[in-house]
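Protein chains in written order, with the UniProt record's numbering: chain A, 1 to 561; chain B, 1 to 561.
Treat the hints loosely; a few may be bogus.
Covered stretches of chain B (in silico footprint by chain A; criterion: 3 or more residues with CB under 8 Å from a CB of chain A, positions within the stretch not fixed) [what the hints assert, rightly or not]:
1) 122 to 130
2) 324 to 337
Footprint (simulated), chain B over chain A, 3 or more residues, beta carbon under 8 Å [stated by the list, open to error]:
3) 251 to 258
4) 277 to 283
No lab work stands behind these hints, which were simulated from the structure alone. Backbone N, C-alpha and C fix where the C-beta goes; we use that ideal spot for every residue, glycine too.
Protein chains: 2
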Amino acid sequence: MASVSRVASRLRPASNPRQISHRITRIRPFAQRRWQAGQAEATSSATSEPRQIDVDGGATKGPSPAKAIKFTSESYPDLKRDPKYAKISSEHVEYFKKLLGSESAVVDGVSQDASEDLEAFNSDWMRKYRGHAKLVVKPGNTEEVSKILKYCNDNMLAVVPQGGNTGLVGGSVPVFDEIVINLSRMNRIRSFDEVSGIFVADAGVILEVADNFLAEKKHIFPLDLGAKGSCQIGGNVATNAGGLRLLRYGSLHGNVLGIEAVLPNGTIVDDLSKLRKNNTGYDIKQLFIGGEGTIGIITGVSIQCAQRSPAINVAYFGLDSFEKVQTAFREAKGHLSEILSAFELMDGRSQNLVTKASGRKLPLEGEHPFHCLVETSGSNSDHDNEKLEAFLEHVMGEEIVSDGVVAQDQTQVLDLWGCREGIPECLGHWGGVYKYDLSIPINELYALVEETREKLTSAGLVGDSEQYPIVDVVGYGHMGDSNLHLNVPVRRYEKEVENQLEPFVFEWVSKRNGSISAEHGLGIAKKPFIRYSRSPTIIELMRQIKNLYDPNGIMNPYKYV
Amino acid sequence: MASVSRVASRLRPASNPRQISHRITRIRPFAQRRWQAGQAEATSSATSEPRQIDVDGGATKGPSPAKAIKFTSESYPDLKRDPKYAKISSEHVEYFKKLLGSESAVVDGVSQDASEDLEAFNSDWMRKYRGHAKLVVKPGNTEEVSKILKYCNDNMLAVVPQGGNTGLVGGSVPVFDEIVINLSRMNRIRSFDEVSGIFVADAGVILEVADNFLAEKKHIFPLDLGAKGSCQIGGNVATNAGGLRLLRYGSLHGNVLGIEAVLPNGTIVDDLSKLRKNNTGYDIKQLFIGGEGTIGIITGVSIQCAQRSPAINVAYFGLDSFEKVQTAFREAKGHLSEILSAFELMDGRSQNLVTKASGRKLPLEGEHPFHCLVETSGSNSDHDNEKLEAFLEHVMGEEIVSDGVVAQDQTQVLDLWGCREGIPECLGHWGGVYKYDLSIPINELYALVEETREKLTSAGLVGDSEQYPIVDVVGYGHMGDSNLHLNVPVRRYEKEVENQLEPFVFEWVSKRNGSISAEHGLGIAKKPFIRYSRSPTIIELMRQIKNLYDPNGIMNPYKYV
Numbered sequence: 001m002a003s004v005s006r007v008a009s010r011l012r013p014a015s016n017p018r019q020i021s022h023r024i025t026r027i028r029p030f031a032q033r034r035w036q037a038g039q040a041e042a043t044s045s046a047t048s049e050p051r052q053i054d055v056d057g058g059a060t061k062g063p064s065p066a067k068a069i070k071f072t073s074e075s076y077p078d079l080k081r082d083p084k085y086a087k088i089s090s091e092h093v094e095y096f097k098k099l100l101g102s103e104s105a106v107v108d109g110v111s112q113d114a115s116e117d118l119e120a121f122n123s124d125w126m127r128k129y130r131g132h133a134k135l136v137v138k139p140g141n142t143e144e145v146s147k148i149l150k151y152c153n154d155n156m157l158a159v160v161p162q163g164g165n166t167g168l169v170g171g172s173v174p175v176f177d178e179i180v181i182n183l184s185r186m187n188r189i190r191s192f193d194e195v196s197g198i199f200v201a202d203a204g205v206i207l208e209v210a211d212n213f214l215a216e217k218k219h220i221f222p223l224d225l226g227a228k229g230s231c232q233i234g235g236n237v238a239t240n241a242g243g244l245r246l247l248r249y250g251s252l253h254g255n256v257l258g259i260e261a262v263l264p265n266g267t268i269v270d271d272l273s274k275l276r277k278n279n280t281g282y283d284i285k286q287l288f289i290g291g292e293g294t295i296g297i298i299t300g301v302s303i304q305c306a307q308r309s310p311a312i313n314v315a316y317f318g319l320d321s322f323e324k325v326q327t328a329f330r331e332a333k334g335h336l337s338e339i340l341s342a343f344e345l346m347d348g349r350s351q352n353l354v355t356k357a358s359g360r361k362l363p364l365e366g367e368h369p370f371h372c373l374v375e376t377s378g379s380n381s382d383h384d385n386e387k388l389e390a391f392l393e394h395v396m397g398e399e400i401v402s403d404g405v406v407a408q409d410q411t412q413v414l415d416l417w418g419c420r421e422g423i424p425e426c427l428g429h430w431g432g433v434y435k436y437d438l439s440i441p442i443n444e445l446y447a448l449v450e451e452t453r454e455k456l457t458s459a460g461l462v463g464d465s466e467q468y469p470i471v472d473v474v475g476y477g478h479m480g481d482s483n484l485h486l487n488v489p490v491r492r493y494e495k496e497v498e499n500q501l502e503p504f505v506f507e508w509v510s511k512r513n514g515s516i517s518a519e520h521g522l523g524i525a526k527k528p529f530i531r532y533s534r535s536p537t538i539i540e541l542m543r544q545i546k547n548l549y550d551p552n553g554i555m556n557p558y559k560y561v
Numbered sequence: 001m002a003s004v005s006r007v008a009s010r011l012r013p014a015s016n017p018r019q020i021s022h023r024i025t026r027i028r029p030f031a032q033r034r035w036q037a038g039q040a041e042a043t044s045s046a047t048s049e050p051r052q053i054d055v056d057g058g059a060t061k062g063p064s065p066a067k068a069i070k071f072t073s074e075s076y077p078d079l080k081r082d083p084k085y086a087k088i089s090s091e092h093v094e095y096f097k098k099l100l101g102s103e104s105a106v107v108d109g110v111s112q113d114a115s116e117d118l119e120a121f122n123s124d125w126m127r128k129y130r131g132h133a134k135l136v137v138k139p140g141n142t143e144e145v146s147k148i149l150k151y152c153n154d155n156m157l158a159v160v161p162q163g164g165n166t167g168l169v170g171g172s173v174p175v176f177d178e179i180v181i182n183l184s185r186m187n188r189i190r191s192f193d194e195v196s197g198i199f200v201a202d203a204g205v206i207l208e209v210a211d212n213f214l215a216e217k218k219h220i221f222p223l224d225l226g227a228k229g230s231c232q233i234g235g236n237v238a239t240n241a242g243g244l245r246l247l248r249y250g251s252l253h254g255n256v257l258g259i260e261a262v263l264p265n266g267t268i269v270d271d272l273s274k275l276r277k278n279n280t281g282y283d284i285k286q287l288f289i290g291g292e293g294t295i296g297i298i299t300g301v302s303i304q305c306a307q308r309s310p311a312i313n314v315a316y317f318g319l320d321s322f323e324k325v326q327t328a329f330r331e332a333k334g335h336l337s338e339i340l341s342a343f344e345l346m347d348g349r350s351q352n353l354v355t356k357a358s359g360r361k362l363p364l365e366g367e368h369p370f371h372c373l374v375e376t377s378g379s380n381s382d383h384d385n386e387k388l389e390a391f392l393e394h395v396m397g398e399e400i401v402s403d404g405v406v407a408q409d410q411t412q413v414l415d416l417w418g419c420r421e422g423i424p425e426c427l428g429h430w431g432g433v434y435k436y437d438l439s440i441p442i443n444e445l446y447a448l449v450e451e452t453r454e455k456l457t458s459a460g461l462v463g464d465s466e467q468y469p470i471v472d473v474v475g476y477g478h479m480g481d482s483n484l485h486l487n488v489p490v491r492r493y494e495k496e497v498e499n500q501l502e503p504f505v506f507e508w509v510s511k512r513n514g515s516i517s518a519e520h521g522l523g524i525a526k527k528p529f530i531r532y533s534r535s536p537t538i539i540e541l542m543r544q545i546k547n548l549y550d551p552n553g554i555m556n557p558y559k560y561v
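Next comes chain A alone, as it looks inside the complex (with noise of 0.2 Å):
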């Protein structure tokens, strides 16, 4: 491969010369390591999930001891225990005992009192779910899972699947009594081969376990978020994560060559499929890729991984508008084409409110608008320094963009996503914040934010003093996957911003046929949204796939569709 070595030469932007010059270095390469931004990143996603805010907004503010997690049928005053399921006797827990073998695999709040032991598998991480289970088990195989739903099935057990328990919807934490299925124990790679790529595991492989042993093996797991070293790929399948990756490498409805899963009736799904193409009858296995668990529980997987690439550059812009940015990220395309690896925005709002907050210095002086994040990865740093180079000297020599830097080290890296990364801990800064996490077409993506604006501002309720609830509305995301969020910080909660709000976000988004939720999935936070995203046509084809598989309605109940 080429030598790193070559000088660099300055940028001579047209426009601006001055200070561009002194502003673009020159970047090096730094292997790897950005990864660990990412992971930060997404990290700090997680946290831009819309979430009740406390009178005192405290929720936003970290979390509080075990204790305050408020039960989510108190949240949910609406939702009951549906009867119909059988209630855990003793004598099911002996079965479950018996079945698994060992006692270590069995979390047993029947027979005795484990309430501290079960608190682990019933709540969420964010602490804003919580349930009453009883009984968790931890199958150790895919025989295990089979019997395990088969006697739930049988019996009228409801359970609720749960991989690392790291969603952001409180999809994998029991509402009611639900069995908790963990599949932590199924943690088992079972092959990867370095000439196709195609690696399989179990469901209960850590994400971060299986991107290390591809890393060494010089792949790349075609997923990355920011709670990879808790989440399982299990459950990144389940709910179609979607991560930092999903620009490059494309959804996991694509990479996803094979699954084996577990219906109801505790038949296996045999669909481990290690081929790239095979046309032979309906895929099925996509139903189960983001369907959360709610027909069946996947335990393995098989994945299309790609070479890992040794060099990753970032640069971070300045714009003027938001058709500049747009502009911007079709030049990125174009030139940076096979190597863009991630397109950030973050609008000049929320780079102010981070310096507000956080005292943290931008990298670039003066006010912009917008800026934008780009990150290019490839097989040769020279080439793509190259790429990045002749990409910098058309969007500055064009204005496209006004202003610009470049990292020259990993550290600079580092500095330049935590303007990304640093948003959603910052807006916490004055009490709380509402988060919306949507799909939204490209070139309507930012008007939600200045409409949004506009009407809290012209309800009178956004200001710079104490008597205003709102600080400012900001919006930011994954640029590249068209995927905003719109953050509105808050100083206290207020019924008039909520009711400002809601539903007009949605119905703003709805118009436009975009996403409640991009990539969080539904749970039991999205599902009565639904209906802004999912016409009645679609949402009845979902009831007729749950009915199909899950006639009992055992898995997953209170939550999806």
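Following the hints, position chain B against chain A.
Structure of chain B alone, referenced to chain A:
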């Protein structure tokens, strides 16, 4: 972008320098003309379908007159018309004429003799399948498709959806008197967003029209295949077409963002999303991708399109063993990474037969057990050339590759592709060919060819003189996708050859969890063999889906599962 005028240096590989240095000539970019070669390629692979071989082997020698096409009902005497379907009456015809308004939208062989007009809709382009349809309807919009299907469903009239009718397994022509619903009038490009690259169009848009439209916008349809001048994108999606760009852009399951389809009962499935991310429920549309028109008719498609690569390069190698082929593929993925767009395998025997049959001079001197064709496509010619050079230096320096040439202009590119594309036609030279289109785990890909050759040779069936039915046993295909074409060129049809081949080949593939139809689908041709690639459980799940969406069974009967 960087200039392409840089003077190229000659390669000086470590091994066998004299021979290679005069062979490896520098690459010059030639823009996008390669895809014409690709087009021819896929046309050829289209003929790689297992087919009935007449005693005179005529079936592989090219189309015979229309009248010679055997009715499918005669080729498959076990198939009987299901009496549950109504016979088409004049009253039915009148309904469709009134509904569609235009005389040209209905080809009516019920109330009049229209047998000649009907022929094109009744038979496939391979002249292998032929139905008895007496009625063809050509809806102009989705509403009309809905009304047609509802009427057919209410009246128990069987239908066959038909796009460009370029399929290879008889899926798009009727078997008995099914009504042909031809989508050719639905040929409107609905929208294209230059920022996101999302393209939305009617199902009846011809693939080449779509790709030409996108080429003007500097984008590329993520699928290319030989029939592009005739096939329709709705049909491509319905058959989950693989084609030439899969290695680079992935499968349609990842690229198709939305589908508009009509169910047998007339329900319009309005899932024409223009979003890269939408995690709100089961991904129902995936069932229609590769559903081969058995649960509904796709009327519109939304698809993610990448930027078009301006630089294309092609190299052709000789290699000593299949182990080295695998190593070369792994190295190609490593060195060429994001610009690798094709990696094709041709064994030495297939190349020798090309020479024998056509007199074509091969690009390399001497005998090589294996050949590979490597194509790159990227955004920067200089960079691509450098990467290719580094790759060539490595694979030759390490003696992974014994010999190689690189195209220096478009003529050479077409010449090199010709060595791959010429195979199917040349193999028919001696009389007939037994052809199998298979997915096999890559490490065992070629073992099937060797074992089949050994088996047939041991049986005394292979030899150089007229007394042997078999000329040779060869393998070639899309190495990058683990897609093998096993071909057995024969001098004449002999039952003994077929008995040796089947079920041996299917069982061999089945044991390795391969696929007996990598990219062509099931249709009527592969329906009997699905059990070799799918478990009884999966087949049962498929039947459930079929029954759920098409309880009357009017959609494309006698085919698929």
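Here's how the hints hold up against the structure:
Coverage of the region 122 to 130 of chain B by chain A is violated [criterion: at least 3 residues with CB-CB distance below 8 Å; count 0]. For a cut-off of 8 Å, the count of residues in the region 324 to 337 of chain B with a CB near a CB of chain A stands at 8, and the three-residue condition holds. With 4 residues having a Cβ less than 8 Å from any Cβ of chain B, the region 251 to 258 of chain A passes the three-residue criterion, so the hint holds. Evaluation of the coverage hint for the region 277 to 283 of chain A: fulfilled, as 7 residues show C-beta separations to chain B shorter than 8 Å, against a requirement of three.
The structure fails to meet hint 1 from the earlier list, while all remaining hints are met.
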